[in-house]
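2 protein chains.
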Amino acid sequence: MTEPQLTFRSTTQQRLLACAATLLEAEGLAAVQARRVARDADCAVGTLYNVFGDIDGLLLAVNAETLGMLGEAVRAGAADVAGLDLRQQLAGLATVYMRFALANRHRWEAVFKHRLPAGREAPASYLEDQARLLAVIEGPLAAVLPDSERRAAAARALFGAVHGIVALALDDRLGGQLKRELEAQLDFITDVTARGLMANAAEAREDGRK
Amino acid sequence: MTEPQLTFRSTTQQRLLACAATLLEAEGLAAVQARRVARDADCAVGTLYNVFGDIDGLLLAVNAETLGMLGEAVRAGAADVAGLDLRQQLAGLATVYMRFALANRHRWEAVFKHRLPAGREAPASYLEDQARLLAVIEGPLAAVLPDSERRAAAARALFGAVHGIVALALDDRLGGQLKRELEAQLDFITDVTARGLMANAAEAREDGRK
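Quick note, the sequences are listed as chains A and B, same order.
Counted from 1, the first sequence has number 153 at position 153 by the numbering used here; the numbering is strictly sequential.
Counted from 1, the second sequence has number 66 at position 66 by the numbering used here; the numbering is strictly sequential.
Everything labelled a hint here was simulated from the structure, so no lab data went into it.
Some hints here could point you the wrong way.
As the list makes no split between identical chains, a pair holds if one copy fits it or if it spans any two.
[To be verified] Each computed EDC-like pair below joins lysine to aspartate or glutamate, with the alpha-carbon atoms no more than 20 Å apart: (1) LYS113 <-> ASP171; (2) LYS113 <-> GLU27; (3) LYS179 <-> GLU149; (4) LYS113 <-> GLU65; (5) LYS179 <-> ASP191; (6) LYS113 <-> ASP129; (7) LYS113 <-> ASP54; (8) LYS179 <-> ASP80; (9) LYS179 <-> GLU109.
Just chain A, with the same shape it has in the complex (with noise of 0.2 Å):
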């Protein structure tokens, strides 16, 4: 009895979070309410309730899918830069980054601008998925940057300077950007810090020696 049960909750589960990515894909963050997911995916905006308990539990599921395809996309481009120089390889992370964003508009936008009510808190496995694509921005920094407390500030420093590169050019708040300069901006600040890490690297090295 309880097998047919779990089937309908699955396949039920996985309608709505198709319905809830295909609005918010086409028409942002504020379309994916309640009823219009519930009536897109042909069931009771009850039934949504019961199977994510609220719209917020709904969105924290259709960002939980987008945290994972960055992540995929993010690691597949690690492995294309392995071996390059730390600013190659920062500029092909911060080059996925971009990518991304662009081609995920909608959904790289919920991520950042989806709020949960005051006193919830995302899943431990949101957490999870934030730390792993953490991780592998601290890959390229290992060799200048051994201490790991230090290699993880850096890590997170690094994502939100391509994030607010990224989420300022595509707001459009700091005046008419286009993609090219948007590129320029994510050379220069890949660049320089590829070029600072390494001259910091190489004086701590130094020091090492005297």
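With chain A fixed as given, assemble chain B onto it according to the hints.
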């Protein structure tokens, strides 16, 4: 006959602006609704529309005020660090930005979260405020980036980088970051970018000598 009319308009405008700012500071962007602002300002909603066109016009006015406050803070910060080395200047400006965002959280968020309806552009004065802000960041870069186009792109990139780090930390989108962690990230990004910029400039000088 026109003068009292103008005074009435201007007083009402200032009262509406002040009430919108108070609402924004206390409750955030979503709370700034025409009906609430008009009620707080003790006037009709129609008067608000007469003066600001619509709620977006009022929000643009509040955001312009915020950009003005940020501009003042950044210019004062730039004066404080003038003459220091590049790393200290960039770190000083990043700290001013972080403090402004922390102290004016809702105002600062509204500048980046408020969206104009599709097809509507921000007024020229708004873009000029942003350009003046970026010009302050360009100041310390003049010595290491003599080319004005590259310097402008670098200033935008550095602003985006610092903005992204601060925004993610305040959003808390990447796990439990505290203020100390935020400071460590800003310290990292300003240190490595300053070092990278100086290394690039030294190399360009060397190339020039050859």
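Cross-check of the supplied hints:
1. Both within a single protomer and between protomers do LYS113 and ASP171 lie at most 20 Å apart by alpha-carbon distance, with minima of 12 Å and 9 Å respectively.
2. Taking CA atoms no more than 20 Å apart as the test, LYS113 paired with GLU27 passes in both settings, with 14 Å inside one copy and 17 Å between copies.
3. Proximity of LYS179 and GLU149 under a CA criterion of 20 Å is satisfied inter-copy only: 16 Å between copies versus 34 Å inside one chain copy.
4. When the C-alpha separation of LYS113 and GLU65 is checked against a cutoff of 20 Å, the pair qualifies only within one copy, where the shortest distance is 15 Å, while the shortest distance between copies is 24 Å.
5. For a Cα distance limit of 20 Å, the shortest separation of LYS179 from ASP191 inside one copy, 18 Å, qualifies, whereas the shortest one across copies, 27 Å, does not.
6. In this assembly of identical chains, the alpha carbons of LYS113 and ASP129 lie at most 20 Å apart only when taken from the same copy (17 Å versus 25 Å across copies).
7. For the homomeric pair LYS113 and ASP54, the shortest alpha-carbon distance inside one copy (17 Å) is at most 20 Å, but the shortest distance between copies (24 Å) is not.
8. Neither within a single protomer nor between protomers do LYS179 and ASP80 lie at most 20 Å apart by alpha-carbon distance, with minima of 22 Å and 35 Å respectively.
9. Taking the shortest Cα distances, LYS179 and GLU109 sit within 20 Å of each other inside one copy (17 Å), while across copies they are farther apart (24 Å).
Of the numbered hints stated above, the single one contradicted by the structure is hint 8.
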